[in-house]
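Engineer: For the protein sequence lines, the chains are P and S, in the order given. If you're matching positions, the first sequence starts at 1 in my numbering and goes up one per residue. If you're matching positions, the second sequence starts at 342 in my numbering and goes up one per residue.
Hints listed in this document are in silico derivations from the structure and should not be mistaken for laboratory results. It should be emphasised that the depicted structure is a prediction, and the values quoted were computed from it without experimental measurement. You can trust all of the hints, since none of them are fake.
Straight-line C-alpha distance at most 16 Å; calculated EDC-like pairs for lysine to aspartate or glutamate: (1) S:Lys-623 / S:Asp-649; (2) P:Lys-333 / S:Asp-460; (3) S:Lys-552 / S:Glu-693; (4) S:Lys-622 / S:Asp-649; (5) S:Lys-622 / S:Glu-653; (6) S:Lys-736 / S:Asp-344; (7) P:Lys-333 / P:Glu-43; (8) S:Lys-398 / P:Asp-337; (9) P:Lys-328 / S:Asp-460; (10) P:Lys-303 / S:Glu-513; (11) S:Lys-604 / S:Glu-653; (12) S:Lys-604 / S:Asp-649.
As a plain string of letters, each chain reads:
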Amino acid sequence: MNLIFLQYFWYCIIYVALFAFAALDGFDLGVGILHLTARNDNERRLYLNAIGPVWDGNSVWLIIVGGGLFAGFPLAFATIFSSFYNLTMILIGGIIFRAVAIEFRSKRPSKLWRTTWDCLFSFSSLVISICVGFILAGLISGIPIDQYGVFKGSFSSFFNFFTIIFAVTVVALFVMHGTTFLMMKTEGDVRKNLQRWALPCCAFFILSLSLLTLSAWFLQPHLVSIFRAHPWLLTFAGLEALASLGLIRSLYHNQAGRAFLWSSATILFLFVLCALGNFPSIIRSTLNNVDGITIYNASSSQKTLSILLIIVAIGIPFVLAYTFWLYKTFRGKVVIDSHSY
Amino acid sequence: MLDPLILSRVQFALHIGFHYIFPPMTIGVSLFLVILEGMYLFTKNKIYENLTRFWVKIFGLIFALGVATGIVNVFAFGTNWAEFSHFVGDVFGALLGAEGVFAFTMESGFLGILLFGWDRVGPKMHFFSTCMVAFGAHFSATWIVFANSWMQTPSGYQIVGEGLDRHCVLTEFWKAVFNPSSLTRLGHVLLGCWLTGVFLVLSVAAYYILKKRHLEYGRKLIKIALIVGAVCILLQTWSADSSGRAAATFQPAKLAALEGVYKTEAYSPFYLFGWSSAKNKKTYGVKIPGILSLLVHHKLSEPVLGLDQIPEEDWPVVTPMFQTYRWMIYMWGWMFIMLIWAWVQNYRKKLENSKWLLRILMFTILAPLSANITGWFSAELGRQPWVVYGLMRTKDALSQSITGGQVLGSLIMFVCIFSLLLVLFLFLLNQKIQYGPEDKEHAVDPYRDPYQGREGSSERKSPKGTAT
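Kindly generate the complete structure, drawing on both the sequences and the hints.
Structural biologist: Take a look at the structure:
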């Protein structure tokens, strides 16, 4: 198969994995951020056990994104993580604490023990979301790297108006996604309480998304150039707006399942827009006369990409099958039993 | 001032070493889960069911730690070893990609059912999930060991590019997967994992029998663990021998360093213990001449290639390797003796009264754990000064943009996190072991709601909060 096709394909795979991460791990990160808003221990356990059987499988998608970059675009992998060294380390610290907090939280009845882990769980979920937001924002808005992908900036290079708005949007997105998920998994009083949160969360998300779109349009001209060249691609922006409206409507009518689907759709179209705007670059360089890392100069060889295609073709149906089975097994409202967290 | 290279190497050794405490236990325990749950389905004996549930809880704890610490490793290649990632990505990435897609997702997906699915799926489906988790754990280890073996004995590749763009390109996938050391090393690692499981089980069972608690459970565990242990330790002996000889063939510098051989001479000696000084180019200690030649070449007089035949710039770090390697062998000896002792006492039906045997067995879990770590150190230190044997030196593998300060910062973070995790892990593991495998309908539920009863409103008691 020809190299260009494989490079396109693998670019799509990375974004699909990113989408899977945001749509799946996104809601459990959101639940984590919301965790402290639960009003009592029972409610916290309901929140925790709503994501209990699935959070581990979900967070694998972040590893798949990392592994996928390593395999398909080694130079991009090397550049991203060495450039974003500090953010990556904070991200890793967050992931470790989060995994441990979920596992340890309910293991002892002491109030102090549980409150400590509750705070850590919530805080680390927030930290992970923020770090992911800044890294993604840095990739699409550009960082100072030379032609070999060696980072020439400092920690402050990652922070500007655009990246901050982006990170806020990511957090808002996850919180909103997590709320709709929890509404789906709970009932009665707990759900009523969540309902009160849902619309403001959603409104805040749409506000930050609009701000993000505006700042991309005016501050990041490279992101919109493809839309200027091919205006029909703006359909996806339309779909994004449609999904947001659908989300508001279903929340207004109190349909949690539908709201969750609309919320997933907003994530999908947001990533489609990012993927299109950033194409064919993976990491833009803000230095003059440097192309940055693109799918053409960073990719693995044709041979490796073909093998990866085969691996994905064999593996992904299995992954989808047992992910589907897992969610099917644990469908319905959360019930706390002796095996719960 | 602060050397990012040294700090990065320390950091990598730290997080890989700390991570490597857990996967061997999960792999070992997963084997026991399959056996115990299989026995339950076969005999319908309640004891096996309780034992499975008990070990599933312990498995969950260890697995969580394994995942939490393992995530670091994926990113570490990019953060600290960007030049390495670029150099090997074309080959290495395919192997790690296969691990992620085939094995890790399977393991994490079915884990949910294994831990929480008891009342949601039938016993056969649950057993199927257990098998899939066990298979995923083994399969994951397989790809990781293959990738690491490729760094030891690269094959199926070709080098292209110049200067900073120099990197490997995959030419034959299966040749890279089944490189010369893949299978030998995989066997050695998996047997090490199973032995870790065996001695974890033996340790818990010995504790119960000593304390005269859960006696029925302890006896069943000991019986199974002794059989699995005997098979594994014999296979490990054979695997160790072939690993050593594979090293002699493909990485002679490594073997020479492990054994402290500086001179190539007939009747190469094996050191029982001693001190190898790379500075003086001499090994001091108690040696038996000819044994090393016998082990490596199956012939007493045949010389083993010494470090004198290898340029000094290509020498691995001999002094620590000599010790870590010997420690691994001592641990093997300790496990071997414990298994023989336990088998003999069991045969004479005196196992439950041999207080000292049980006491020592309780602590023997330290033997496989430290053997795993020291073995890993021996293998990786033996690859130095190369990061990919013969192709890329470790000093060239470092990321160019990171500074010593950054790495020091993350290193301190890891030291703090890992110390905390280790303490918590031991604390919770102990708690689970103390709680034991038995059904306790009237016992205090450790998962009880601490607010329940004290604040006691009907709203808080109802599990779904239906009251308003």
